[in-house]
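One line per chain: the protein sequences are Y and E, in this order. Every letter in the first sequence is one number past the one before it in this note's numbering, and letter 425, counting from 1, is 425. Every letter in the second sequence is one number past the one before it in this note's numbering, and letter 383, counting from 1, is 383.
For the record, the hints were derived by calculation from the structure and aren't laboratory data. Be careful, since some hints might not be right.
Any copy, or any two copies together, can satisfy a pair, since identical chains are not distinguished.
[Said to hold, decoys possible] In silico lysine-lysine, DSSO-like type, Cα no more than 30 Å apart, as pairs:
| hint | residue 1 | residue 2 |
| --- | --- | --- |
| 1 | Lys238 | Lys132 |
| 2 | Lys132 | Lys334 |
| 3 | Lys51 | Lys316 |
| 4 | Lys369 | Lys334 |
| 5 | Lys78 | Lys28 |
| 6 | Lys28 | Lys238 |
| 7 | Lys297 | Lys188 |
| 8 | Lys189 | Lys316 |
2 protein chains.
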Amino acid sequence: MKVERNKWQNNFSEWYNELIETAGIQDKRYPVKGMNIWLPYGLRIMRNIEKFIHEEMERTGHQEVLFPALIPETEFQKEAEHIAGFEGEVFWVTHAGHDPLDVRLILRPTSETAMYSMFALWIRSHADLPFKIYQIVNVYRYETKHTRPLIRVREISRFFEAHTAHDSFEDAERQIKEDLEIFDNLAKKLALPYIVSKRPEWDKFPGAYYSLGAEVVMPDGRTLQIGTMHNYKQNFAKAYNIMYEKEDGTHEYVHQTTYGMSERLLAAVIAVHGDDRGMVLPPTIAPIQVVIVPIPKKDSPYDVFAYAREIAEELKTAGIRVHVDERDIRPGRKFYDWELKGVPLRIEVGPRDVEGQKAVLARRDTLEKFTVERAELIEKVRETLDAIMDNLYARAKEFLDSHIKRVDTLEEAKEVFEDRRGVVEIPWCGEESCGLEMEEILDAKMLGIPYPEEEAKIEGKKCAHCGKDAKFIARFARTY
Amino acid sequence: MKVERNKWQNNFSEWYNELIETAGIQDKRYPVKGMNIWLPYGLRIMRNIEKFIHEEMERTGHQEVLFPALIPETEFQKEAEHIAGFEGEVFWVTHAGHDPLDVRLILRPTSETAMYSMFALWIRSHADLPFKIYQIVNVYRYETKHTRPLIRVREISRFFEAHTAHDSFEDAERQIKEDLEIFDNLAKKLALPYIVSKRPEWDKFPGAYYSLGAEVVMPDGRTLQIGTMHNYKQNFAKAYNIMYEKEDGTHEYVHQTTYGMSERLLAAVIAVHGDDRGMVLPPTIAPIQVVIVPIPKKDSPYDVFAYAREIAEELKTAGIRVHVDERDIRPGRKFYDWELKGVPLRIEVGPRDVEGQKAVLARRDTLEKFTVERAELIEKVRETLDAIMDNLYARAKEFLDSHIKRVDTLEEAKEVFEDRRGVVEIPWCGEESCGLEMEEILDAKMLGIPYPEEEAKIEGKKCAHCGKDAKFIARFARTY
């Protein structure tokens, strides 16, 4: 049987919107635009993703905190550039009970302005640095663009943000490297290949010295940002007066970084690995890694249900997340359900399997079926789950690579965007005016230049727009 | 050494407020009244409590969901009694970006009105029942009373709410019994003895048919509600049109219940088990169950740090949460810190312990110290952690029992409230007017009647206020 990805690729938007609901990820019928309900199955996948995030945070010495979701207008307004970047899209709490509030509150769009006056109280000396905290919380943005579950929403309900403070620019740079390493570990668990770009000046995070963004390429060729890291230098420290005492007794502003991710990680998993039958979950984060479907036959002397339960017990003991589907419906309907929900591996057992002490394994990613001996089951299941993980990554990597194209001219770039789309890499002089005009001409966004920057530098090429000597490779894409 | 509980009991409010900050539970300096910041240590304890909640929910077949935090005014107003109960204390989101919203949004004070129009879509037939979901989220109440961390706040950031739907009143009653069993399991993990009362009509949850509340007695004799269960009968089902098809094809409104808890569980743990030195955490939820303090001696040939690390490794392998305090400060200061933070067991190792292959164990609850053989360490640590658990419960139970007094007259009741306070049980005719007047006279709240109600019924007594035949025992207390 062939893996079909027609609808997935050619009608992605519809495919995605349907799947979110039919696979039990979110319900979009909640009566506030851009705010959706997490359904149990979707939430279990997201929790598994978050478990990896918590583990990485613990490994790297970040401490978990939880800040209030409301920020006083007065705090919010301390850093001018930051405010300007968010003011048009914040939700305002203006009344409580029957009365107007003395100081209006905003629902956090991100927590810099909530956290940093506390940083000023918490950080005293060089011994307190580096200071590393994180939280996973709900944040709010009054999106005026078309909303889409997990991707563009007005309540991001699983927003991860790490905030750090350092004694020097160099140490902040080391932190950004650590962030990228964390991201890489996480992406491996999700079998997601990605690219990292340094955002152009005109698209960095409000208040940042520079911003990095990690992107995946979606089935329709548009890119989705799933991780960002910002080096703030001392911008916020100066606005919020966050100073530390150096060893020599003098005082200095700290250097700061942040690192952000969200439920977009799940959107990327759904989109990148899916096919026309539904989701394909990496075994690492699948709530059910193996589903067992008993296929009874009338008049057979063998109890396939008992056999299924025995196998399930054995897999569970081996630490595998397993479920036996004992519903009173046809096996075909069960196959359909679990394929939609992306369960990586299905085990079918019929009377003949009981008799021969065998089981049939069906891979969700390749749709291949094969028979294994009962005695080798655990080993084969483990091997197959690993093989699925590897195949998901390899398939996604091939897709990503085939959607990154380096060109020399804007004409070639235009062709790419008309054809299979993806990311186009174009020689660029480095001037803002040229960059903005290329965005206009291509009707695409500049993601930035490849990061680390050494990979972005080129020689002997001309800027595709102005014709002057090009300094960098710039990436353009249609984005989510 | 004796466990001192003078300040704890006689100056509880000050004791508690200090401890919240010094033990690293929350920071109260966040610039919005009644909204506090969870610090890493406090959050780790709360997460451990939540782990037990998640386990109980899984055991009892509740599914986790996540609803948006904003509720449209129109949804909120569908159930008149519920609205009346909350309208004076909700936060209003009236603007987004630069514009007023068409429909104003409220920050959820609890989620009935957010959830139940979805229930109407999700629940179709008797086969969908019982329907059991829960979430742990932030909710908001514009408290006008004095706020207090974890106890009375404007953002409850760890609000647990389970919502269920049933095909009959009987099945809803079965759910309430399950809720009480869940609560009992959880309370055991927290070593918290408690009482359950059925709230009087005038104090039930807005929209409920009846409400149960579980209370602990705090060190100052006031009670703290730490769990509530409500049977809604069909009140909300009718307002939100939640119907199911019965086996005979007719349609009927569902019966509903809810179950609520919050970070007050942690407040109760801190308050009930503490002493003048700080917190005493039940080993079940302590982020660090055992702290090892090496006590080096100058010129000693023994490396106590290496010995401490070895012991730590052994404990860790045995599944015990352990930390070695290698800070370059005096042991006495370390003792002070970890006693404040409530680490259940301290292990001290000096050169003599290395030499004799021993270790000194110090219990946080009783402050007892004793020496054990290295070979028996794991066993002794496990035994001692169990003994601490038992002792915490026994001590708290004794305190609770000694603070519940049954009396016949209001004079006697008044004396109790003047003296050591706690819960007073008084014969009551069952009339609302009498109950309210007794609240007035005693300057106390009626918690309700003991639950299950069989325990509340009495005969041969007269109502302490009106003198008519008493039907119930009613509980009164000063409450948080």
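Tell me, which hint numbers fail for this structure?
7
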